[in-house]
Amino acid sequence: MFSGRQDPTWLVSDRAAARLKRIWDSLTRHAGAGPDAPALGYRGCWLRDATGREWFAYGGVVTEREGDREERRADPGKAWEQRLISSAPRGVLPPGMHMS
Amino acid sequence: MAVRITIDIFSGRPNPVIELDGREARAALERLAPVRKLRRDEIVPAPESVLGYRGLLIEQTGARDLPRRFRYVHGDVLGQRVAHRAADEFFEDFVCGSTGPIRHVKLGREFPNFVRREVNRYRKVRYNYLEKHIHFPPKVHCRCAPLYEPQWWNDAGQKQWNNNCYNYACDYRSDTFAQPGLAAGSMYTALTCAAVRPAAVRDDLIDWPSSKNKCPKEGHVVALVIAPGFDFHWYRKGRNGYWSHKPGSTPVTNVDNSNVSIPDPRTANRGPYTDFCTFMIVMHGHIKIQ
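Going down the list, the sequences are from chains A and B.
Counting with the working numbering, you get residues 1 to 100 for the letters of the first sequence.
Counting with the working numbering, you get residues 1 to 290 for the letters of the second sequence.
Honestly, the hints are just simulated from the structure, not real lab data.
Backbone N, C-alpha and C define an ideal beta-carbon position, used for all residues, glycine too.
There's no promise every hint is true.
Unchecked claim - Label-pair ranges, simulated between beta-carbon atoms:
1. 156/B <-> 51/A: 18 to 26 Å
2. 91/A <-> 275/B: 56 to 64 Å
3. 15/A <-> 275/B: 35 to 43 Å
4. 64/A <-> 21/B: 30 to 38 Å
Using the sequences and the hints, build the whole thing.
Here you go:
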C-alpha cells in the first residue's frame, strides 16, 4: 500500500490461516483477470505459506499461485481480504486504512 | 487505454481538453494510427507560435505505434520519431462533428463551427509560414534528466523489491528501500511535508519550490508528495518532460492512477497522496540516500 515506507508485514496465526483456508474453499472460480490496482495507494494484500504457495487479494478476486499454477476465485464481499487484514497485530496497520 | 485531446487554439483561456477512455479512446486511436511516412515534399511546418488553432495535442496510453504525446494537424501525425499520415485524414472533422468528442466540451453551440473555421484557416498559415529550421524529432526538454528505462528497475528481483520511490526519483539504487534523511543520520519523524522535505535536504537534495515544473540547467527535478500521516512518494521528470515514478516495490511506471501520462505531478491523479510539497533538484553524484 505504501510507496516510501515498507509495506506492513506480519506473521499470520495458525487459527487465522485455517479461517482463511475455509473462506478460500467456499469461493467459486473466477474467469478472466482480476481488476487492476492503481499505482498509488492500497494495491491489495497477499499471504505466503511455508511451502511458498501464495494468495493475493484485490478488488474482490483472490488469486492462488503455486509454482506455475494459478487459480482465481471470486470474493465479491472481500471476505478473504478483510479476514487477512484483520489478522494484523495491533499497531502494524496505520489507523484509518482503507481497502479501496 | 486513454486518450486526452487538447484543442490547441486559445491564448488567454485554457485550451479545451477532451478525455476519452474505453471504446471512444480505442476508436480515436484507430483513426490516428500512422499509415505511411510523410514524403519530404509533404512536410509542412506546423507553427505553434501563432494565434488561433494550432492543431490537436494528443496524449495517449494504449497504442504502441504512436508516441505518448504528439500533435495531429490536417491529417499529419507529428511527434517524437513520427511524421506520418494518419489513418483518418479528417480526424479534426470527426472531433468537431455533431456526435464527435467535441460534444464533451461545454463552450457553446457555436464552438465546433468556430474550430472548423480555424482548422481551415490554419491550412493557409502553414503553407505560407516560412521557417528556417524544421526540427524533427522535437528537442529534448530536460537534457540532464536520467533515461526512462523501466526495464532496468523492473527486474522482479533485487532492484524492484528493494528500491522504492525515493531510490527511483534520485536514480540511486541502494537496495535499502531508502528513507529521506536516514543516510544523514536524521530520518524524517513525521509523514508531513514539513518533516520529509528537510529530511531530503539533509540527503543533499536541493529544494526548488519555485520550479513550476521546469527543468534545471544541471541535475534533474523530482517532486515530493505526501499522504498525510501515511506515507511519502516521489516522482522524477524525464528527458521528454514527462514524469515517472516507482510506487514502493511495484514496477516503475510513467502513468498516474488514471492510467494517463504525467506532464505535471501537481495535476496528476495521486490517489491518497493529496499533499503536493515541493520540487527538488537531484545533482548526480552529490546526494547520498540509504
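Hint-by-hint comparison with the structure:
A beta carbon spacing of about 20 Å between residue 156/B and residue 51/A agrees with the range 18 to 26 Å that was offered as a hint. The hint said 56 to 64 Å for the Cβ distance between residue 91/A and residue 275/B, and at roughly 24 Å that hint is violated. For the pair residue 15/A and residue 275/B, the beta carbons lie near 40 Å from each other, so the given range of 35 to 43 Å is met. Range check, residue 64/A to residue 21/B: Cβ separation about 31 Å, and the 30 to 38 Å hint holds.
Hint 2 from the earlier list is the only one contradicted by this structure; the remaining hints agree with it.
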